[in-house]
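Student: So the protein lines, in turn, are chains A and B.
With my numbering applied, the first sequence covers 1 to 289.
With my numbering applied, the second sequence covers 1 to 320.
There could be a bad hint or two in this list.
Claimed, not checked - The list that follows gives simulated cross-link-like pairs (lysine to aspartate or glutamate, DMTMM-like), each with its CA atoms no further than 25 Å apart:
#	chain 1	residue 1	chain 2	residue 2
1	A	Lys285	B	Glu71
2	A	Lys285	B	Glu11
3	A	Lys285	B	Asp173
4	A	Lys285	B	Asp75
5	A	Lys285	B	Glu89
6	A	Lys285	B	Asp13
7	B	Lys137	B	Glu190
As the list claims (entries may be wrong) - Short derived list, chain A residues pointing at chain B, Cβ under 10 Å:
#	residue
8	Leu23
9	Arg33
10	Leu115
11	Pro122
12	Gly124
13	Leu235
14	His236
15	Gln253
16	Ser289
Everything labelled a hint here was simulated from the structure, so no lab data went into it.
Note that this is a predicted model, so its numbers are computed, not measured.
Positions of the beta carbon are idealized from the N, C-alpha and C atoms, including for glycine.
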Amino acid sequence: MSSSSEMTNARPVPDRRSVGWDLLGSELSVLFRRRRTWAMLGAVALIPILLAIAVRLSTTTLAAGEGPPFLSRVTQNGLFVGFTSMVVAIPLFLPLTIGVVAGDTIAGEAGQGTLRYLLVAPAGRVRLLLVKYAGVAAFCFAATIILTIAGLLIGAVLFPIGPVTLLSGDVISIPDALLRSLLVAAYVSLSLLGLAAIGLFISTLTDVPVGAMAATVVVSVTAQILDILPQLAWLHPWLFSHYWLGFADLLRQPLDWTAFGTNAVVQLCYILIFGALAYSRFATKNIQS
Amino acid sequence: MTNDASGLAIESDALTKQFGRQTAVNAIDLAVPQGSVFGFLGPNGSGKTTSIRMLLGLVQPTSGTVRVLGERMPDRLHTVLPRVGALVEGPAFYPYLSGVDNLRRYDSADRFASSRSRAARIDSALERVGLSNAAHKRVHAYSLGMKQRLGLANALLRPRELLVLDEPTNGLDPQGTREVRNLVGGLAAEGITVFVSSHLLSEVAQMCTHAAVMSAGNIVAQGTLAELRGVDTDRVRVLTEDVEVAVQTLARLGLSPQKSDAGPTAAWVTAAVLDKTVAPEALSGALMEAGVRIRAFSVDEPSLEERFVALTGEGFDVVQ
């Protein structure tokens with residue numbers, strides 16, 4: 001140690017202030033090095049695998065339209081495994097995993113006491129909220145991409161693969177179909193961002209992560225229940241879950257972006273509203289944990 | 001830059017925190033001189049931790065102000081906190097990450113911490129607290145003492161001007177406690193101000209140059225250790241069989257003696273000599289002249305513990 005002065009000078013000169021991407025990198029690395037994260041992603045990957053095996057093993061042929069959407073087409077074309085599993089996972093399973101990750105953001109750090117050390121580092125409260133939200137968003141994309149990839153792989157293994165007949169009756173090539181799969185994954189990830197913002201806000205309200213997780217899942221289930229009540233039809237377009245299954249438009253020729261756009265606008269509204277609520281709650285919160 | 005003409009590293013003015021109708025911290029005026037090792041004493045629940053959380057911008061004061069390193073908190077938090085190392089109410093880490101990865105996590109939260117020097121700084125901080133060998137173990141497997149050391153390493157990740165250490169020796173064995181004391185001494189010798197909270201008097205007595213005593217949300221005493229101890233006061237103790245005569249003699253010299261039974265024949269007579277008005281030699285001389293048979297005679301300065309108990313009350317009851 002030739003320059004011990006670095007540690008010992010009485011007037012430390014702070015290094016230049018950086019933009020602070022390091023914290024985002026750290027957040028992603030902590031999130032994706034956690035066993036729980038991979039357990040959930042593994043469970044997500046199991047959905048298409050179980051679905052494909054069940055279809056392969058059963059002898060009864062489904063009539064078109066029976067069971068979840070696209071299920072009857074799976075035996076003819078493995079590329080439909082991904083679409084079908086997406087439909088199966090959206091109502092409960094994906095919101096459940098998002099609820100766990102989003103509910104854990106602030107409450108998890110508070111519960112284990114690391115929040116106070118991040119804040120005295122100082123991470124900055126706004127910056128920490130942004131980084132935490134970016135982490136949840138990254139998880140949304142990871143979950144849907146993994147589900148898509150697992151679906152494509154198991155579909156290719158168990159079923160024939162070929163050009164895909166779209167809902168509009170047109171036939172598209174395999175590369176084009178893969179592109180559509182990614183588009184569907186992007187659509188579903190985007191659909192989950194509103195719920196992620198709600199989870200982040202709930203997470204700022206408590207020091208008990210399990211409570212925030214459960215509350216986020218409850219919100220997601222409640223929104224879907226409201227969405228099926230005809231009396232509340234006026235409310236439906238404003239529910240964050242209303243467009244969750246709307247990705248069928250992406251399986252038409254020509255590509256219809258209307259649902260994608262509407263969905264994006266609704267999710268953005270939720271992000272802005274609940275982001276603002278999370279900020280107003282967290283910016284001046286007394287950190288007692 | 002530290003533009004504090006006051007020479008105070010921490011300075012609070014009527015700093016108050018209320019939770020609902022309960023006052024946790026009641027208008028305290030802290031004055032922590034730069035370069036001091038400042039002991040923050042008080043029983044559990046006296047408001048120490050809430051005060052520390054206000055210094056660090058974790059808790060918003062209800063009223064009053066606090067300046068740390070010459071700048072207002074929490075307004076200037078982003079420029080003050082990088083110069084402050086802190087251990088707040090025990091260490092806290094990600095149990096599934098290693099010691100090194102935990103420090104990396106906290107260091108990356110500080111926008112002034114350079115990522116180029118990060119690995120080297122983490123290494124030297126771990127070495128400083130004697131954790132180099134456990135650096136790559138998961139914190140899950142750490143003992144409380146090791147976590148405490150890792151918490152200190154986190155406070156030392158970058159060169160600091162002020163260290164705020166809340167109960168730094170909690171969970172450490174006597175060996176570890178001594179190491180922490182030496183560490184604090186070394187840091188103070190480098191000119192770093194150290195603010196240590198503790199409910200252990202002996203710890204403060206051994207480490208600190210200054211102290212403040214908190215009780216039920218108030219600062220009941222503050223100053224140099226000598227001032228707090230009351231060095232101007234002597235305490236005289238006499239063990240004798242001639243108790244009544246001894247009491248009368250001391251009373252005649254202007255003291256207010258008290259007796260306590262010590263055995264079948266003899267008893268201790270004790271008295272405080274305020275401002276050292278009477279020399280010990282004069283006392284012993286007067287006692288012998290009066291014919292008091294002295295078995296033992298001692299004069300000493302009162303311990304910090306006696307002062308502490310006098311200020312905060314005895315027993316386990318949480319005040320408030």
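Student: Under the constraints set out in the numbered hints, which ones does this structure not fulfil?
Tutor: The structure breaks hints 3, 7, 13, 14 and 15; every other hint is satisfied.
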